[in-house]
Each structure stands twice: as C-alpha cells, then as structure tokens.
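Trainee: For reference, the chains in residue letters:
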Amino acid sequence: MNRREAIRRVALMMGGAVSAPAILGVLAGCSAEPDTEAEWKPTFLTQAQVALVAEVAEIMIPRTDTPGAKDVGIPAFIDKMLKDVYPEDEQAHFFAGLADFEAQAKRQHGRTFLELEPALRTALVKEVHDPAVEVERKATLPVAERDRPFILMMKELTLLGYFTSEPGATQVLQYRPVPGAYHACVPLAQAGKGKTWATETSYRF
Amino acid sequence: MAAGNGSFDAIVVGTGISGGWAAKELTEKGLKTLVLDRGRMVEHGEYPTANMQLWELPYGGRPTQEDIDKQSVAERGGVLSQATKHWFVNDIDHPYIEKKPFAWVRGYHVGGRSIMWGRQSYRWSPMDFEANAKEGVGVDWPIRYEELAPWYGHVESFIGVSGQAEGYEQLPDGKFLPPMELNCVELHLKQALADKLGRCLTIGRTANLTAPLAHSPQRGTCQYRNLCWRGCPFGAYFSSNSSTLPAAEKTGNMTLRPNSIVYELIHDAKNDRASGVRVLDAETNEQMEFHARVIFLCASTFGSTQILMNSVSSRFPDGFGNDSGELGCNIMDHHLGAGASAVAEGFDDKYYTGQRPNGIYIPRFVNIGKDKRDYLRGFGYQGGAGRSGWTRLLEDPTLGADLKTKAAAPGPWRMGLTGFGETLPYHDNRVTLDRSRKDKHGLPVLTFDAMLRENELKMRKDMAAEAATMLEAAGFRNVHEYDGGDVLGIGIHEMGTARMGRDPKTSVLNAWNQMHACRNVYVTDGSCMTSSACQNPSLTYMALTARAADHAVQELKRMKL
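In order, the protein sequences belong to chains A and B. Heads up, the first sequence is in numbering that gives the first Met the number 0, so the first residue is 0 and it goes up one at a time. Heads up, the second sequence is in numbering that gives the first Met the number 0, so the first residue is 0 and it goes up one at a time.
Simulated from the structure, these hints should not be mistaken for laboratory data. All C-beta atoms, glycine included, are put in the ideal place defined by N, C-alpha and C. Do not rely on the hints blindly, as some may be mistaken.
[As the list claims (entries may be wrong)] Computed spacing ranges between beta-carbons, pair by pair: (1) B:K439 / A:T111: 34 to 44 Å; (2) B:D482 / A:A180: 32 to 42 Å; (3) B:N477 / A:A188: 49 to 59 Å; (4) A:D146 / B:R314: 52 to 62 Å; (5) B:T468 / A:L119: 30 to 40 Å; (6) B:N477 / A:A180: 53 to 63 Å; (7) A:A118 / B:T468: 46 to 56 Å.
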C-alpha cells in the first residue's frame, strides 16, 4: 500500500473523524504493493492437476453474480499452499487422493474427470464429498490430527482462499477493516449489510 | 573487553511488560537509565502487518513449513501466523532442552511480549496472597494485597484498563475505563449463572482504551478490529512500545540500546554488590560492560533466571543471588485447554458490529467460602459468544451457489468457556543451565524439567465439567466438554524461578523484589512470583515493578544501595 492509497483508505474507513494517531498508524504500516498473478504458472502441481483442481474448486464455489473460485485465483492459491504450507506426508496424501478421484471418474464413466459433462462432474464431486462430510462431522480428533480426504482438503483450501480473497470477503461476505465501534447486539439487518463479517474467522479449521 | 559508554544511575534489562515499567518509573524519578534489550528496535507504529488487508497476507494467514521449522515453539502454542510470525523467536538460533515438554514462547525485540500479550488485566485478591501461608504450600508471600493495591491503581490509570466494577471479593475492582459490552448470548449466560448457580460473569478487563488518556496523546481509542497481535497502529492497547517507553523517552533520562544481550551480572566482591552487566552485541558479537548503581532485571522469567545462573563468582558459585538454592525452581504457569462449548439458540435475529478484542470473565468460585474441592486453589474462565462464520461449511453438504448464500448468512451462535487454572509452586518443577550446549551466541542454554502434577490434573477435570454445567444451566444445546491436554508453558504465563519470600534461606527476593543477597539488584518480571493465582499475571508484574522502582529510588536517596 502506498501513502496516497493509505490516506484514502483511512479517510474512507473513518468517515473524516481521523485522529492523528490513526493517520500515523496507517502510514507506518505502508508496505510493498501486493503481488499480481497475471502471468501465473503452477510451480508444484502439473498443468493437468491444476486443471482438475480448478474445476473441482469452481464446482464448490462457482461464478454467480459474484466471482467464482477460478476468478479469485484458487488454483494458484492451492498450488502455493501445497508447496509451502503442507508437510510432505499431506502433500502425498493430496496427490494420492487426487489420483483416486481421477480413477473413480474413469471407473464409473470410462473418461477422465475433465472429459465429463458438467452435470456428471458435479455429481461425482457430490458423490465423493457427501460421505466425507459425514465422517468430518463425527470427527473428535483435534483438527491438526485429522486425516482429511482429498475432497475435503480441496474444500478447506477453496474456502480459505476464497473467503480471504478480496472478492470473497467484500462481495459475498462483508468486510469493514476499521469498524471504529462495537455494538454487541443489534438486529441482524442493521449489522452492516446483515451478512457474515469476513474478518472474524480463524485461518485454521 | 570494551567499556560501555559511561556509567548510569540504573540499568534495566528487558523492555517487555516489566522492563518498560521499570524504565518509565526510574527515568521519571530522575535516574539516568540505560535500558537494554536483546532484540531489534521496534518503534511504536513499526508493525509490519498492522494495516494489511485480509487478502494481503500470504497463504491465507497460515505459517509455511519453513516458518514452522524455524518457529516450532510458537506453532505449538498456536500463535504462529503470517500476521504475527515476526514477533516470535527463531528456535534454531535460540534453542533450549526439554527433559519434559515445555513450550517457551518468546519474542526477542524491543517491547517483548507486550506487543502480543492477551491484554487481560486482573488484580489479584487478598486470598491469593494469603493462600501459600494458610495451606503450607511453598513459602509465604512477603506482601499482602493492601500493599500492592495502590500500585495496581497507579498502573491501571496509566495503561488504561477497560472493565466493569463488580465488587467481587475474589477479583477486586480497579480504576476502569468504560467497559465493553456483553453480547446478548453472554448476557443470557450471566443471568442464568446468577439465577441458577449464584455465580458471576463480567466483561473481560482489558488494556484496550475505550476512552482517551490525557497523559498519552500518542494513543488512540480502540477501533474494534481485533487485530491487536499485529501491533496496534492506533496505540489503542497497552504495550511498552506505545506507552511506557515513550514516557521514559520523554524524560530525556533514557538511553535505550537494542541488540544488547546481557549475559552476566558483574559482582563487585569488595563492596558486595552488583557493579553492572556484561553485554554481547547481538549484531557484532562485541562484548562490553555497563555500570550502574542499581540494576533491574526484567528479562522475562526464564530470561532473568538464565542471566543469574550464568553469573557465577566466588561469592555466588551457584548463580547470582542463589544462596537459597531456589533459583530456577518452582516454575509455574496457568494450565489451559480444558473447558466446554455449546450452541445458543433463539438469538438468530441478532448480530454485532465491530470485532471486540476481549471476551468474558468468570471469576473463581471453587474453594471459596463453603465450596470445598478435592484439590487446592482454583480457576477462572475466559471465553465469549459469537456467530460462526464460513469455516462451519467444511462439514456442511452444501456446495455451489448455495454454499455462497450460506456463507453470507451468519451461522449459529456459539458460546465457549476455557479454564485458566492455578499451578502450585513445586520445587522439582525447575530449569537448569546446561553449560555443554550453546546457542548461536555461544551462551549456555536452559534445560526444562517441569510438569503438571496431581493437583492440576484433578482441577482440570473440574474445569471441563463446571464449564459444561454452566452452559447447560443457560439452556444451551450441544454442550461439548473438552480437555485438549496441556503442557507447561502453553499458558505463556511462566512464573516463579526467583521467588519473593520472607526468608533468604528459601527465597531469592525480598518484599521489594530486591535480592536478599545483593541489595542493588531488583528482579520484577514473572520470576519473582511466589504463587500463580489463576488471574492473568501481567498487571501484577507491572504493579510490583512500579513499587520496586519507587523503593529503589528511595533507597538510593538514603544511600542504602
């Protein structure tokens, strides 16, 4: 964020009632512009894996009147997360699960997942997803110790990437970076736009 | 060895919660004070992630494997994230040995853990200072609540503590700024506890400003972002950086030297006092000495203990000031991770605006009055209610456009309570210096040998069960008890390794945090604690530090140091 942008944001956020500490504070936090991903190429997944991951993510969070998983860069997010955040055993678990998923498409339909018609793709995702959700609901182990299957690793990453993205946070949820006040209990419709606040969730779940 | 730049009236080692207070009080009372911190400089406002938007943090905020390799202890404590990782040490550069598991969560930079503390600020009660003597546990505190009460007030007025006066005997009121609000589910629980169980619930008492402080114009009021751990660009919560260090700076009496690792106190055998400190420059490895009339050790519980253990002389062969043999013993922490959560129905037409950086507090109710349990002491609860967000959808069968619709609607209200349990001082819970193992600066490392014992384990069962009882009393659904287990250190409330006491044979410090065996050395961080109570300890460290600084200045005037 550059200084001009910082000042503009403070003014917008705080509706003119900007104290000196507030302006100084925001300026002190200025840093480099965020990365852009215009010319993105995967560095960990293969192109074929990325293509499948992108379609599964888009089935989970499609483009509607708001952007979908592909629009906000979920394939790139997952590529980066797997490479840098996941330990080797979980990477292997993801790849094995992805291969099983592809094998299931071939077994049931004689074609790869990406060769299926959109309705069949969605049906296959649901077929794998729903029983996995049932298992997750009954899970009692701490989150870190759960061996989530491929489809739920996909879902976790898609949810995390999407709802921490600017479109997910600001268009689907509501985002107010500097609320300025706390009102503990208001009618839902009067809590901003009445939508879930984007800012109050854990990045581990 | 190089001589430092002249000599000072006072040296303060450390700039965290305690060191910042020592610096402020000593400089305001006119002492030329050298303030040393082993880490890098952090000026107020130099908080790299403080203004980053949600989407500007890489990896959705999660730490990478590389981060975890370097900062495994912070990861174990669940506090490592892209927003906060720069506040935690590299454990490869700064190792320690665990005979038994111990999470030593540290931040080596100016301001220390005052940047990422939890801000909960509770007074101890008369009962807490009396318990050891009454029960014959450890040694008696050499002070009582009444002696500390004015200093609590002094500290609260300066740092700004938001809270509600309640008149609880076991949790004395302080000088409060206006309280933050309880939400409707929390209010419902408060009423149910009062009606059905005769128990109390109050809004957390937190060092976040809900009103301006005239004496600290550099600090603004809370903007309800709940991103405190990044460092507050508004200066709205208390940290050394936002509050005490600027106050000390303003006097013109402070020389602040970062990157200065104090590894030894110098004993002057002729005068039987500490003449100064030996310092290793963290960047250049240059060694130097600084001298002063009085020394305040505020390097954190184990930081100060490590320095004392490493300071051996003919007078102190077993560590500086360690005539009693208690240095390094009696490690305490608060044991956490046991409690309960539930779903609150009937409030779905209500929500909140703003993110409150604070929760609720349920003061201790066990082993008080007629209540008797099969263990000593007790616990308080912290927690709160909120509406769940999109993460709940991981275990929801909904996919596609409907998933977006569901995510946009706030989820069910959930209420959680986590116990904070008192840990007794056990002589055998200890830390020692291993001279055969060195850190990257060539300094010997600490070995931890401490564990929860029977009293704590019994208490934990009650912490989970009583939380469930209270949530059920409120009529909440799906009450789920948990005990995720606990190792010492995870509370990040470590205390006790240079305790205060009346008898030099069984304690390291006297009633003024002054070393029994060396009167011009004061230790005022968590190591001084004689028992742990169950309240968050930082406010007590601050009050003890201010009181000790006042004593030191008077003693200097009387030429007694």
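Trainee: Take the hints in turn and mark each one as holding or not.
Mentor: Structure-based check of each hint:
A hinted range of 34 to 44 Å for the beta carbons of K439 of chain B and T111 of chain A is inconsistent with their spacing of about 52 Å. As the Cβ distance of D482 of chain B to A180 of chain A is approximately 37 Å, the hint placing it in 32 to 42 Å holds. A hinted range of 49 to 59 Å for the beta carbons of N477 of chain B and A188 of chain A is inconsistent with their spacing of about 27 Å. Restraint check, D146 of chain A to R314 of chain B: a C-beta distance of roughly 58 Å satisfies the suggested window 52 to 62 Å.
Distance hint check for T468 of chain B and L119 of chain A: the Cβ-Cβ separation is about 52 Å, which falls outside the suggested range of 30 to 40 Å. Range check, N477 of chain B to A180 of chain A: Cβ separation about 32 Å, and the 53 to 63 Å hint is violated. Separated by about 51 Å at the C-beta atoms, A118 of chain A and T468 of chain B satisfy the suggested range of 46 to 56 Å.
Consistency note: the structure conflicts with the earlier hints numbered 1, 3, 5, 6.
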